[in-house]
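Sequence order for the protein chains is A and B.
One rule links them: number in the working numbering = place in the first sequence (from 1) + 61.
One rule links them: number in the working numbering = place in the second sequence (from 1) + 857.
All the given hints hold, so there is nothing to weed out.
With the Cβ distance kept under 7 Å, some of the chain B side facing chain A (calculated, not the full set): (1) Ala872; (2) Val887; (3) Gly975; (4) Leu988; (5) Pro1107; (6) Ala1131; (7) Phe1135.
Keeping only pairs whose Cα atoms sit at most 25 Å apart, straight-line, the calculated PhoX-like set for lysine-lysine is: (8) B:Lys1062 - B:Lys963; (9) A:Lys68 - B:Lys963; (10) B:Lys1038 - B:Lys959; (11) A:Lys68 - B:Lys964; (12) A:Lys71 - B:Lys1056; (13) B:Lys1062 - A:Lys71; (14) A:Lys71 - B:Lys963; (15) B:Lys1062 - A:Lys68; (16) B:Lys870 - A:Lys156; (17) B:Lys868 - A:Lys237; (18) A:Lys68 - B:Lys959; (19) B:Lys1038 - A:Lys71; (20) B:Lys1038 - B:Lys1062; (21) B:Lys1051 - A:Lys68; (22) A:Lys159 - A:Lys224; (23) B:Lys964 - B:Lys1038; (24) A:Lys71 - B:Lys1051; (25) B:Lys1038 - A:Lys68; (26) B:Lys1062 - B:Lys1051; (27) A:Lys71 - B:Lys964; (28) B:Lys964 - B:Lys1051; (29) A:Lys159 - A:Lys237; (30) A:Lys224 - A:Lys156; (31) B:Lys1056 - A:Lys68; (32) B:Lys870 - A:Lys237; (33) A:Lys71 - B:Lys959; (34) A:Lys156 - A:Lys237; (35) A:Lys156 - B:Lys868.
Simulated DEER-style distance windows between Cβ atoms: (36) A:Thr157 - B:Ile881: 12 to 22 Å; (37) A:Lys156 - B:Phe892: 27 to 37 Å; (38) B:Gln920 - A:Ile319: 43 to 53 Å; (39) A:Ile319 - B:Ile881: 32 to 42 Å; (40) B:Ile937 - A:Ser158: 34 to 44 Å.
Everything labelled a hint here was simulated from the structure, so no lab data went into it.
C-beta atoms are modelled at their ideal positions from N, C-alpha and C, and glycine is treated no differently.
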Amino acid sequence: MRFIEEKIFKVLMLLATLVVFALVGNIIYTIVSRGLPALNWDMITKLPSGGFYIGGEGGVLNAIVGSLYIVGASTLLGLAISIPVVFYLNVYLSKTSKLAYISRLSFDILFGIPSIVYGAFAFSIMIYFGLRTSLGGGVLVITLLIIPIFIRSIDEVARQLPKELLDASYSLGSTKLETITLVVRQIAPGIATATLLSVGRAIGDAAGVMFTAGFSDSIPTSLTQPAATLPLSVFFQLSSPSADVQDRAYASALLLTIIVLILSVLGRFLSSRFSKNRIK
Amino acid sequence: MPTLSYYRILKDKVAGGIMLFLTIASILLVIAMAFGLYFKSAPIFESNSLWDLIFSSQWKPGQGKFGFLPFIVGTLWITILAVIFALPIALLTAVFLTEHSKSYIKKWVFPALDILAGLPSVVYGVWGVLLIVPWISEKLAPHFVEFSTGYTTLAGGIVLGVMILPLLVSLFIEIFSVVPKELRDASLSLGANKWETTKYIVLRKSRSGIFAAIVLAVSRALGETIAVLMVCGNLPQIPHSLFDACYPLPALIANNYGEMLSIPLYEAALMLAALLLFVVVLLFYAGSRIVLHQIEHK
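Next comes chain B alone, as it looks inside the complex (with noise of 0.2 Å):
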C-alpha cells in the first residue's frame, strides 16, 4: 500500500513535469514564431527574389510588387535619429545620477523615469501630435524647406527619442555602477578630477556596456509601432530630408493588416516584414544580452 509520502513524492514529480513543460513550451515559443512567421511569408519568395524585396522600392501591392526599401530606410532614420537625440541627454543624465548627485536627487529622478517608461505609446503619439508635429511645421520647418505638414521622419525621430530615453538611462546607470570604486578612488589620488576620472576611467570601462545598451534600446525603438504611425506622414517613399513623410515597417503591418485579406500576396509581404523585425530584433537583443550579462558577472 502506498504510503503517504509516496503521493507527497508523486506530487512533486508530477508538478516538477508540469513546470518543466510549461519552462519548454515558452523557450519554444520563440522557435514557433520563426516557423510560423517564415511560412506565412513564404510564398512571397515564390515570385520575387529576396534581394528585390528589400532593394526595390517599388511598392503596389496591387501589381504583385512588394519593395520593402522605403520601409526598411524610413525604419533606419528615425531609429538613427532617436539614438542621436537620446543617447547624450541618456549618458550625461546617468553619469549625473551614479557620479555627482546626493540620493535626494535621485529620490526625484528615478520616480520621473519610471513615468516615462510607464506612459503607454499612443500617449506619447497623442503628444507627438499636439506638440512635436505643430512646432516642427510651424516653427522649425519654414527655415528649412517650403512646407511641411509637421508629420515628418524628424517628428517619428523625437518622438521615439523620448521614449527610449528611460531605458537607456537605467542601462547605462546599471552598466556603471559595476566598475570599481577602487578604480575610480586611484584615478582622483593620482590627481585626476571628477570629469577626468569619469571619461578615462568611467566611460572606457564601460564601453562595451554601453554598446550593448544602445542596440538593445534601437531594438526597442525598430519595433514601436502606434506613436511612431501617428506621427510619421505614412507615406511610401524613401524620405530624402528629415521633413519628408516616412513609412517605418511597423506602421505598414499595423496600417494594412485590414486589406491584407483581399489581394494576393499581400499578406506574405506583411508577414516578411514581422518576420524582418523579428529577425533583427532577436539578433539584436541576444547580442547585446549576452554582452550585458558578462559585463554584470565578470
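Next comes chain A alone, as it looks inside the complex (with noise of 0.2 Å):
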C-alpha cells in the first residue's frame, strides 16, 4: 500500500512536471503557428496607415520604436537610481540596520503593487500638473515599476558581497564612495541579469502605459507626445472585428514573444559570462 501510493505521487509529480512543459510549448507553438504566416516585412518597417485598424496597408513600427524609446530611457533612468540605493544599503548602512530592512520591505511591497495601480496613480499625478498621455509619462511610469525588480535582484547579489573586500579597500585608505568601483565590479552580473529582467517586464507592460503614454499611429518626436507600445498594438488589433487585422495583431504578438525569447537568452549567457570578476 505504501509503495503503491509513493508509485502514484511519483507519476502525478512526473505528469505535473510534463504539464510545465506542455503549456511552454502549448504557448509558444500557438503563437508561432498563428502569428508566422502574418509576419513580414511591412509589420516591422512600416508606419499604420490611415486604415490600418479595419485592414488597411502598413505596419506596427510606430509600436516597436515608442517601446524600445520607453523602455531604453527607463532602463538607464532606472539603473542610475537603483545602483546607489543598493550601494547605500550595501555599503553604508550595516547589515543589521533598520533602515535597511524597511526600505528592503518596502521594495519588495512596490515589487509586488501591479502595474495598473502605478499607471492610476501616475495618470492621477499626471492630471493634477495638466500633463497629458505622453512618451515622457510612460517613461516616468516604467521606470517607477522597474526599480524595485532592479534593486531586489542586483541587493540579492550585492548582499553576498565578502565583507573582507570591503574591509581590505579601505584599508588602502579609500573612502566608502571610492569603494563602489570595486563594489560595481562584484556586482556586474546581478546588474546584468536585473537589466535583462527588469527591460523584460518593462517591455511587456501594458496596463500602465497604456493610461500614461497613451497610443499614437506616428513616432513621437518629443517627450510630450503620445507614444505607441507593442504589448498595446497587439491589443488594439485584436479588438478590431477584421480577420486581417486580428492576424496582425498574432504577429505583432510573436515579436513581441521573439524579443523577449532572446531577452531571456542573453541573460543565463550574459549571468555566466560577467561573473568571472566574482570573487566567491
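Each of the two chains sits in its own frame; use the hints to bring them together as a complex.
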C-alpha cells in the first residue's frame, strides 16, 4: 500500500512537470503558428496607414520604436537610481540596520504593486499637473515599475559581498564612495541579469503605459507626444473585427515573444559571462 | 587650506546624502501612492458610504451609482480558480524538482519556467483568446450550459493560473530547500519511503512557507490586468457559474480610464478601485514577505 502510494505520487509529479513543459510548448506553438504567416517586412518597417485598424496597409513600426524609447530611457533612469540605492543599503548601512530592513520591505511591496495601480497613480498625478498622455509619462511610470526589480535583484547579489573585501579597500585608504568601483565590478552579473529581467517586464507591460503613454500612429519626436507600445498595439489590433487585422495582432504578439525570448537567453548567457570578476 | 583628503571625505559625505535621499524617496513612494489614491477617491465617499460601495451591485456611473460587488466577486472568482489550477501542479513539480529529480532534469525545467515567467501578459491574453476561449465555447461549455461565448470566468482562471505557475514553483523550491537534509535522512533511516518523507517531513515543515507563497501568488494574480481583460468577457454582473462572463477590478480600471473624466465621480470611483487593489496587495505582500523572511533566516 505504502509503495503504491509512492508510485502514484511519483507518476503525478512527473505528469505535473510534463504539464509545465506542455504549457510552454503549447503557448509558443500557438503564437508562432498563428503569428508567423502574417509576419512580413511591412509589419516591422512601416507605420500604420489611415485605415490600418480596419484592414489598411502598414505595420507596427510606431509601436516597436515607442516600446524601444520607453524601455531604453526607463532602463537607464532605473539603473541610475537603483545602483546608488543598492550601494547605500550594502556599504553605508550595516547588515542589521532598521532603515535597510524597512527599505527592503518597501521595495518588496513596490515590486508587488500591480502595474495598473502604478498607471492609475501616475495618471492622476499627470492630470493634477495638467499633462496629457505622453512619452515622458510612459517613461516615468515604467521607471517606477522597474526600480523595485532592479533593486531586489542587484541587492540579492550585493548582499553576498564578502565584508573582508570592503575592509581591504578601506584599509588601503579609500573612502566608502571610492569603494564603489570595486563593488560595481563584483555585482556586475547581478546588474546584467537585473537589466534583462526588467527590460523583459518593461517591454511586456501594458496596463501602466495604457494610462500614461497613450497611443499614436506616428513615432513620437518629443517627450510630450503620446507614444505607442507593442503590447497595446497587440491589444488594439486584436479588438478589431477584421480577421486580417487580428492576424496582424498575432504577428505582433510573435514579435514581442521573440524579443522576450532573446532577452531570456541573453540573460542566462550574460550572468555566466559577467561572473568572471566575482570573488566567491 | 583644505587638503586633498578633505575633498575626498566631502565627496563621500555628499554622495552618501544623495543616496540616503534616493533610498528614503523610494520608501516615501509607497506612502505617497496610498495618500494620492486616497485623496483622488475621497470625493466618492461624500455621496456613498464605503459599505454601499463594496456591497452594492448597482453599477450605473451615469446615475452616480457605483457598486463594486460584481467586480470584487469577479476578481475573487478568477483568483481562486487560478490558485486551484496552479497549486497542485506547482506543488508536485516543486517536490519533484527538489526531492526526486537529477540535475539534468532541472537543466531543462528551469529555462522553461523562466520562459513562462518572462512572457508578457498580453501574449498570455492572445494565447487565451486563440486556444482557451474557443475550447471552452466549443468543447467544454456545451456539456454544462446551452451557450457560452467562451469569454468566461473559467477562461480567466485558467490563463491566470498558468501565469502564476512559475512564481509558485520557484517560491516552493526555495522553501523546500530550506528544510534541513538531516530531517529527511532521519525519516528515511526510520524506514519511511521518499513520498512519506515528503508528506510528513518536508510538506509539514514548510506549511507556513507554502501558505505565504500562495498569498504572494494571489496578490500577483489580483493585479493582473491585460490578459484577464482579454478573456473574461467584461460584463458588470455577478457571475453565477464558471461559464458566465465576469469583470475583474483591474479590467474595470483599464477599460474606462478614457471616459472617466467626462462623468462626475467616475474618476473617484476608478481611483477607489485602484486604492482597493493597492491596500489588499500591500497587506498580502507585506505579510507574506515577512513570513518568508523569517523562514529563510531561521
